[in-house]
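Can you build the whole structure from these sequences, using the hints too?
Residue-level listing of the chains:
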Amino acid sequence: MTELPRRVLFGAAYYHEYQPYERLEEDLDLMAEARFTVIRVGESVWSTWEPENGQFALDWLQPVLDGAHERGIAVILGTPTYAVPPWLARLYPEITGERRTGERIGWGARQEVDFTHPAFRFHAERIVRRIAGRYAAHPAVIGFQVDNEPGNELLHNRGVFQRFTDDLRHRYGDVATLNREWGLVYWSHRLSTWADLWTPDGNVQPQYDVAWRRFQAAQTTEFIAWQADLIREYRRPGQFVTTCIAYERPAVDDDRLTDHLDVTAGNPYYRMQDALELPDRRSADQHWTSSGVWALQLSADRMYASRQEPFLVTETNAGSIGGPWDNRPAYDGQWRQAAWLLVSRGARMIEYWHWHTLHFGTETYWGGVLPHSGKPGRTWHELARLGAEFDRAGDLVAGLTPDADVTFLFSLPSKWLMQKYPPLATPDGGPDARAYHGLFDPFYRGAFDAGLQSRIVSRPADVDTPVLVVPGLYLADDDTLDQLRGYAEAGGHLVLGPRTGYADPEGRARTDRMPARLAEAAGAWYDEFSNLSTEVPVDGLDGRATRWVDGLTVTDATVVARYDHPHFGRWPAITTRRVGAGRITVVGTVPDVDLAKALFRWLVPQHGEVPPSVTVTGATAPDGRVVRFVHNWSFTPAVVRLESHVADVLGDDVYPAGAEIALGPWDVRVLNVT
Amino acid sequence: MTELPRRVLFGAAYYHEYQPYERLEEDLDLMAEARFTVIRVGESVWSTWEPENGQFALDWLQPVLDGAHERGIAVILGTPTYAVPPWLARLYPEITGERRTGERIGWGARQEVDFTHPAFRFHAERIVRRIAGRYAAHPAVIGFQVDNEPGNELLHNRGVFQRFTDDLRHRYGDVATLNREWGLVYWSHRLSTWADLWTPDGNVQPQYDVAWRRFQAAQTTEFIAWQADLIREYRRPGQFVTTCIAYERPAVDDDRLTDHLDVTAGNPYYRMQDALELPDRRSADQHWTSSGVWALQLSADRMYASRQEPFLVTETNAGSIGGPWDNRPAYDGQWRQAAWLLVSRGARMIEYWHWHTLHFGTETYWGGVLPHSGKPGRTWHELARLGAEFDRAGDLVAGLTPDADVTFLFSLPSKWLMQKYPPLATPDGGPDARAYHGLFDPFYRGAFDAGLQSRIVSRPADVDTPVLVVPGLYLADDDTLDQLRGYAEAGGHLVLGPRTGYADPEGRARTDRMPARLAEAAGAWYDEFSNLSTEVPVDGLDGRATRWVDGLTVTDATVVARYDHPHFGRWPAITTRRVGAGRITVVGTVPDVDLAKALFRWLVPQHGEVPPSVTVTGATAPDGRVVRFVHNWSFTPAVVRLESHVADVLGDDVYPAGAEIALGPWDVRVLNVT
Amino acid sequence: MTELPRRVLFGAAYYHEYQPYERLEEDLDLMAEARFTVIRVGESVWSTWEPENGQFALDWLQPVLDGAHERGIAVILGTPTYAVPPWLARLYPEITGERRTGERIGWGARQEVDFTHPAFRFHAERIVRRIAGRYAAHPAVIGFQVDNEPGNELLHNRGVFQRFTDDLRHRYGDVATLNREWGLVYWSHRLSTWADLWTPDGNVQPQYDVAWRRFQAAQTTEFIAWQADLIREYRRPGQFVTTCIAYERPAVDDDRLTDHLDVTAGNPYYRMQDALELPDRRSADQHWTSSGVWALQLSADRMYASRQEPFLVTETNAGSIGGPWDNRPAYDGQWRQAAWLLVSRGARMIEYWHWHTLHFGTETYWGGVLPHSGKPGRTWHELARLGAEFDRAGDLVAGLTPDADVTFLFSLPSKWLMQKYPPLATPDGGPDARAYHGLFDPFYRGAFDAGLQSRIVSRPADVDTPVLVVPGLYLADDDTLDQLRGYAEAGGHLVLGPRTGYADPEGRARTDRMPARLAEAAGAWYDEFSNLSTEVPVDGLDGRATRWVDGLTVTDATVVARYDHPHFGRWPAITTRRVGAGRITVVGTVPDVDLAKALFRWLVPQHGEVPPSVTVTGATAPDGRVVRFVHNWSFTPAVVRLESHVADVLGDDVYPAGAEIALGPWDVRVLNVT
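Chains as they are written, first to last, in UniProt numbering: chain L, 1 to 674; chain V, 1 to 674; chain W, 1 to 674.
It should be emphasised that the hints constitute simulated quantities derived from the structure, not laboratory data.
Just so you know, nobody snuck in bad clues.
Beyond 12 Å from chain L on every Cβ pair, some chain W residues (computed): (1) Arg23; (2) Phe56; (3) Glu248; (4) Asp285; (5) Lys415; (6) Gly486; (7) Pro537; (8) Asp623.
What the simulated footprint calls covered on chain V by chain W, stretch by stretch (three residues with Cβ under 8 Å from a Cβ of chain W suffice, anywhere in the stretch; the number is not a length): (9) 180-189; (10) 204-218.
Every residue gets a Cβ at the ideal spot worked out from N, C-alpha and C, and that includes glycine.
Set out below in structure tokens:
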């Protein structure tokens, strides 16, 4: 990993050019007062960098960099390729992205472009080289962000589709092979020549969709890698290159994308106010913002997973983030809580979006650190307190490795396919485009509710915890399934959830009894399954089955839980079997919050008891020191009994093991285990 | 009717070409073991029959036909015109169907074609002749299915629209006549010449819509008749020609279509599991699958109605049928129940869709007889039991004429018009595109709940029961209305529901007091009406009025029920009057389940009492033998007292009149009245 | 104002040309019997006036005008430009309106045209001149309606967009100015030349939207003014020119539009039956029909506001108005109630839409005075009673100035902007496109529920009541905000609601602490705010806060009400402060029905008590006589104690002050205070 400062970077995106009047010095002074150590600049204003085709105006940023540097504030310099100037759109309308073949996106927002188009690339390269050439040497610049939240569209432009066809041609060799592998005998889809391939607009074949989504994500990876390589021609030693990832974008594969970056950077937006309350039985919608403490922690764990190492938070809520109809600024204390939670899971930068609330444009109600008045308000004061805390905590909390009790295998290809072919229904019976999360999240949340900490991986090889949970791994090759069995045989406890091991990497249902290649070791198989529209009580563990039932037939396994139902009762809900040195447990349903928690308490019986509004997470500093984070997610104060001797990182107190520590409303304590 | 085997045909659609590995012999052996007598083949794979333009590959089906024949399994051979090969789409993109003028359907599914286009017809004729020429003589082939579930789209292609204009020109003669008949004075729509006619995309005039929908259905009829005639050039004596009808398709008129077929064939898909439970107070959505026993029975009665004779079930649920998010395989026993119900209403073939669950393609989760594992599972075992029952029942149950206590008049043109101009609202106040069924179904279901059996007709002339119920007959010519009055005068009990007799065949509101041409005989009229957003209690019969109230003014009739409401209470809900030798009853509202049941108990007072989970249906064999079917639609066993002396068709028991017969969970008994 | 008859005009739109058979004399006799004094004719049938390009047929209307005149029925003559003939659409398809750039509206309804297109204007002028030239001199004609409910579309045609760009060029001078004023630095939107401006289809920038909506409304105003000027070349002295306004149309600015008319004319459609019941706690959807007595009164007060003078009701419900699925004809008495309510608020014509219920076309179920039978039904009889009442009331009630206790400032530009950038969410969390009314209506309704009468203005200068309420005035220039403060300083009680004074006229958030330019005088400011998804109880006044909270910080004000909430409780809900001779009250939330009523009882403490189903409104005749209207909106009779000595305008009774007057179900009394 690129060398980063030995403390948590703390700051905001800063758009001096958006301020309605001159206030550079005032802004930077207020940042310094709040102990800011970093700002991000320049990524949104291509038309300011280059007001006309080939006419460059690069000087405007100089005072910002100088002013930041004078105050010891580092700078991440962004490239502006995500927002194309109107003159470029006018000159080459063919670069306009298409959401359906031949239907161009209307201009007026950003990311409307087919970023694979050579006419775009020509201009993008030119402006990137100019900016990097001009500012890479500035001493304030510690790194670069190329583009911004890429992968926002599934591009249907002709060039993209033709290259998709070429990619298939290279991958499969001839149409006979594609016809066979995709099952194109079905509904008369056999191609006679590559030119027969239909465009994606009307496609309803899953096999096509698997390839299409993979290809789309590969375009994003290629584009960002290309830009990162451009920057690397200019950067000084020690400067990093990254991009900020919005993990819900449809065309981004964080795993492959970050192979081309020096550090992962992500934008975890989350809902504030009551959405952060614990205990939490809500089943809140998750969109590009997460909702719930467990969901915020999941977004942190996904960022850690991209490179299995600490990461940067390039954007997160300053004020409330969302449309003009969705202003919900945090309660006092929640900013600190969220920031420390992110740090506890490996964040080594907390950079807010953004410094000042904008006075014009789409995001007029995406709240910044400063309100529209430009005068420090509640947000600034809360963040200044947090800045002081980061100052005090110093290197102890920078680049933490978060604790993990259990590991989850996450499959982007399965998620993509389930967006179009979901196994779960919405409450009104329609397809649930978030079905992958409908399978994955209840397990992750169950671990969270059971007081466990989780790691997320995309390959079985990366697992180093005694429990591995795999829900919804619909697309899997033989090798991956065999590695899962190997994990159990070698002593791990493998937990399989619904839909895992059902299809091959082409999205074809396997011809085995399910779970394929694992049924024998699991001692249970199924060849039928059912959706549930009402919840079904379960015996054996507390809670209820929801949404799905696999018809598990036990050949040689112990039944852990069973359905209380005249039809489904014939099948167990959960089975378990010793395998080699380990164990395979099969969960044939989507557990509700109670059953999920009970499942994880059964999986990892040892756990402390904390009040229901409290979470405790732990992590290890690069130098081996051990840190604990205790949060109280409630208006109601709480008291927690400590298990070890600890020192208060943010204060002077030292507590012996067994002591009690008091938390106020929406409070967080950072403790060094000594 | 074409000569069909003297037993219920039993089998499945069989796609050997879709199997992921060779297993023809194994498949056919398993079919034979389950007593299959028929398979349907070949209708989906034009691109296999003709991999390139003019290159034919016809041999692949031979082993399937031979293998079936060896085992005594008959074959229905399909023509593949519903699924166009990619090469044809590439060569002649102008054959692509358009859902709006100029907007082509995306390729990638099936039925994307303008089947009226000569470039399509040229190729369709060629492949149909090749397949029929090759296989008509095969001894296994007992019949042909041309195309598949036709009428899936309202085609807006230029040729279709121009022929629509020509059709109007031929029908009306000149624009002055059209202007007058369609009321085109309204909103300045008078045409000056035929070229003035607007395309259907923006049309909001009901008169246009009536003609447009009729024309669309006529295209489907013409296409299927054309193909059927092609096949007739090749078929052997005794072989039948049909197509499989999905009755909810927007452009199919089963009544006219089946005039060109040798036998009706339909695809009644239905919801399994709790959807089949009785008693049933749910108001489930009905889509292309029915939901509820009454709704399954309705779909059977509609198939019988197409030609007023027994029919084939070409497709029905093997495993669960629906999207990947909608897997609900039957409870044990439900397959038998549904099959015997269909047979009791006149089905002489039960052919499941489909033999094996597909491993690729859109329908990967449309469940077949075999699961993805290819090993017989619960479905196969349940169907094998049923196969044995059909074997035992033999000719007694093949080609039954179902009993009918009451008759319903069904109007496709009224249904079509109400899809765009519905008289009923959805719960949120919007237009209910299923309003025709919103009017029709509560009456049909009331008869079902009252223990009655129904026949459906499209012309008053076809009625031969003492009660005729006519809800929602919005479009009707004078002659039809006069025939209805004539039915009553001749001794029948005519029951009119809301909207009947309101408009003429052009969809123009009549200028009479309503119900037009019937008000005087009914002794009641109305000139106003109201939608209801809340239900209104009714006095006189149990139950409530829903959705609609006609302001019935009694001139000379007896009030049967009245609204309990400060405004609507001025009008009766139901009136009745002797007319000639019969009677006319007017129902001014949509009855809820209680009121509908009470209405039919009042209409047909004599009825036996059975437990609330039990239905009893009856039918007559071609040779005059009388059969009874007793179903228990519940997990709870039931006991039924028999009214006649019967023999158990599926066992050896004989029961005297008055004996009790026990039914298990989801059980069915077939009894021969002796 | 144009000279109008000294009595309330009473009648209907009359489409003799739509009748299915000849019945002119019968229709006119029935109108005369119901005391009709006016009909509107001719506005929908351009293709009848001009069956082919340049061939005119103008005589058909003569018998209608003659027949009306013979019976003393006046005529408003409409121009038919809202419904373009098919031949014109065929000749010049480029006149078709576009809802998105390049996407033409489908023909088949009406108002499909780009009315700014010269090819349309050429033909529109020709037909208007022909009709006006032919009939302006007819003695029956008292006025003209040009076009009909204009402003139905936001037109995206090329010419419209290019003139929009020209308009910006003229308004801002150069792109540098536009870049600065619109903040186009944001997201690289800076223009290099006018040709860079993007079309509105993909726009997400509020500043663009402000200009676009203003420009669209200006097109409508220009078109109507152009037609009105054409008519003025032909009209006789005393004949008025107007158009009928549907106030919810997206491109109509009634304030500016009516500057070019002689009298305001509007089409207040409303929901009948239970929607008119009081007391009313429903939060009914408001669409192009209002729902609730308060909402009907609001639509009347908006019509009065357009020119701050009495107005014509050109269309309102005869029978039920709406789609075929939404028939809800009034309860007995409701027609009278609604008509007298409109008159009490300044209506000097009540013209129903329409005489006879149409037998064909889209509006077959928009109910007329006569039902489809053509025989007088309940509606005719109810209206005949009302006609007699208007006859009796005579000049007393024609051209009333309605009483006003409080004034509301209404901002169309704020409403338009909030349709795309709403500050309020729907219950499911999405943007509420009716957010402006979400802010405005609860205050208006609070005044209504408190028994107060309201006036609506668009400029502070028009206020002449002691209380001025300003919710949701998001877009405001400095001068307007200063005038508001001036109103308070001069002795008025200014009540500010959420979002008022937040942005400048370009839609840019102001840089002040809020409410901008008013916070100091109000003694309270805020720099943050929150949406509410659940209601929050309030202390100090009865009721609850909903949807929005401003974080009010008191500098020098009295707290009237406070939130009962652990977070929001830090801020007051309502503050008040003496300012000069008056007072400023700030309401930081959207009050629920209880809080809104309590607020207005606090604002205007003196009020009489009437039963909860009763309203009392008052008005002054042009000659100074005072009238009271007492309505009982319920099936339950009510008794009201009179405060003054009154004479029953519709009867012979005279009541002393303190007497009680009895109202039947859905009754209304008109009283002359003597």
